[in-house]
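Enquirer: Next come the chains, spelled out residue by residue.
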Amino acid sequence: MTGSQQVALRLRGRISTTSVYLVLTVAAAFSVAPLLLVAIGSFRATSEIHQSPAGLPTGLSLDNYVTAWQDASMSTYFVNSAIVTVSAVLLCLTVSTMAAYAFSRFSFPLQTALIALTVAGVVIPARVGLLPLFNIFKSMGLIDSLPALAVLYAAEAVPFSILLLMTFFHVVPDELFEAARLDGANEGRVFWSVVLPQMRPSLAVVAIFQFAPIWNDFFYPLVFLRDTEKYTLPVGLTSFFGQFSTDLGVLFAGLMLALTPVVILFVFLTKQIVSGLTAGMGK
Amino acid sequence: MVQAVDTGSITAGAVQSRRALRRTGTRWVLLFVVPAVALYALLVLLPILVTAFNSFFLWDGTTRREFAGLGNYQTVLDGDRGTAFLPALRNNTVFFLLTLVVEVLPALLLAGLLNNIRRGRRLFQTLYALPFLISPIVVGYIWLLLLDSNFGPVSSFMRAVGWDSLAQPWLAQPSTALPTAVVASAWMSIGAPVLIFGAALGSVPDEILEAAKLDGAGAWRRFVSVQLSYLRPAITIIIVLDFIGCFKVLDLVYALGGGSNGGPAGALDTIGLLFYRTAFVEVDNAVGKSGAVAVLMFLLIFGGALIVQRLLRRWEREA
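Line by line, the protein sequences are chains V and R. For the record, in the first sequence the residue sitting at position 158 is 158 according to the numbering used here, with numbers rising by one throughout. For the record, in the second sequence the residue sitting at position 201 is 484 according to the numbering used here, with numbers rising by one throughout.
Read the hints as simulated data drawn from the structure, not as lab findings. Take these hints with a grain of salt, some might be off.
Have a look at the derived ranges for each label pair, beta carbon to beta carbon [to be verified]:
1) V:201 / R:325: 30 to 38 Å
2) V:260 / R:459: 27 to 35 Å
3) V:94 / R:485: 30 to 38 Å
Ideal placement from N, C-alpha and C gives every residue a C-beta, glycine not left out.
Can you build the whole structure from these sequences, using the hints too?
Expert: Okay, structure coming up:
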């Protein structure tokens with residue numbers, strides 16, 4: 001290869017690397033820009049936004065946040081969402097871990113059928129049964145009940161949690177359980193003091209994957225919650241948008257309040273989320 | 284939520300690895316298995332079966348009247364009598380097909396580019412996936428505000444740079460509302476396919492790529508004859524998940540279309556919204572009609588996902 005050919009090749013390599021980064025950066029800007037616009041808008045007064053919709057804030061005013069948090073009851077919605085989500089995740093994690101353990105470590109009649117039935121739930125659109133559920137809940141006085149909503153979410157999340165947990169149970173070495181059993185521990189004891197500590201990182205992955213969809217869910221609260229005092233964030237936002245429709249700054253602040261928890265969750269737990277998303281793929 | 288797990292191979296794996304399975308007392312099995320299975324069976328499976336049963340009757344509020352056979356299904360599918368099932372189905376289908384173009388293809392391109400760079404890969408991945416966990420209803424409202432034709436930053440930017448024709452009420456016009464919704468949806472969820480494609484590309488052994496390079500294969504040739512075969516399972520999973528997601532879509536279009544009415548001239552109507560309306564907004568024979576819509580939705584999603592997966596599996600085996 002002559003010198004000039006080498007130079008040409010290196011130059012081509014550099015240009016293509018630059019263009020690769022250019023494409024990646026444009027795409028990243030598209031991902032981030034809407035969030036930035038919302039964040040900036042949340043610090044500006046509505047009159048300012050009307051004058052120049054894409055401008056920068058003149059100061060760091062928290063007025064919009066105060067209005068959204070207090071006057072627009074975002075604080076109530078926030079607390080309700082937290083209660084429902086945390087209790088649903090805890091309940092689902094408990095029952096799913098036990099079932100996944102039994103499915104992958106015990107041997108019992110109908111096991112294969114039960115596993116198939118449960119795992120099929122991952123592709124079944126659960127919301128199809130909404131109206132009978134609504135009528136049962138209504139007759140039992142469970143409309144506007146946050147605990148009932150949490151139990152519903154836990155039930156719905158069972159198939160996916162069991163599926164994911166079973167993949168994790170498969171990689172735990174058998175010897176670990178056997179040793180405990182030889183020591184005379186019963187199944188409950190083995191589960192509590194050997195299985196659970198061993199599974200902690202996997203449980204964290206499953207918890208993250210349940211947290212976001214439940215925190216974000218709109219359809220169940222829309223149907224099962226009627227009292228605005230019981231609203232969770234997503235359905236609270238719809239009434240908030242009706243109420244403050246002309247107050248852009250407050251709307252932006254409300255959106256920030258709703259999306260910040262999950263964005264923080266994501267930034268801190270990217271590694272776990274990536275490993276959960278790509279479970280069963282590649283290396 | 285994206286679930287990138289191969290269900291088939293896991294059930295098979297659970298059954299095959301009998302080596303370590305222990306016979307355990309019935310007591311323990313019941314204690315471990317019953318809570319989860321009971322929750323799931325009572326609150327998910329049973330209501331679906333009840334819905335299917337209910338769909339074959341006429342209803343007066345919650346009182347069951349005469350057996351209707353497939354009458355409710357006829358009513359739902361007959362556009363003249365007020366339900367917009369077929370237009371909604373059309374919108375869902377367009378949503379799915381556009382998503383393939385606007386989300387899946389760009390995700391593949393981005394994952395491919397990320398696979399070729401050394402620095403900043405994790406940062407780019409994080410940025411693309413940042414909107415991934417945000418609630419669809421929040422995403423809908425964000426785009427509603429950004430695209431507002433009077434006070435939205437997008438319109439004001441377009442006017443400022445002189446592209447006035449691009450300062451349109453994108454979500455308020457029947458012709459542009461659906462494609463705009465697909466863009467918002469792709470913005471929200473592109474991170475997942477980028478990560479999943481990335482993991483699949485990362486699994487291609489370096490030696491094979493090197494060998495292809497030495498044989499003089501260019502980047503495109505290497506992609507088609509080497510990397511694509513490793514990507515096939517990932518492509519299958521993503522297309523199946525997108526199919527399910529696009530036919531279930533409800534909250535995003537609820538926010539973008541300003542409620543459950545399906546946006547301007549029904550351009551954002553979906554089967555999910557129609558189900559909500561027949562069950563909770565329209566009172567006449569709600570149980571029967573919404574039951575029929577629900578069963579049709581179930582068949583579409585479950586059956587459709589199975590068919591899509593079957594087709595793609597065949598394509599995978601050809602590799």
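Enquirer: Identify every previously stated hint that the structure contradicts and give their numbers, smallest first.
Expert: Going through the list in order, the structure violates no hint and respects every one.
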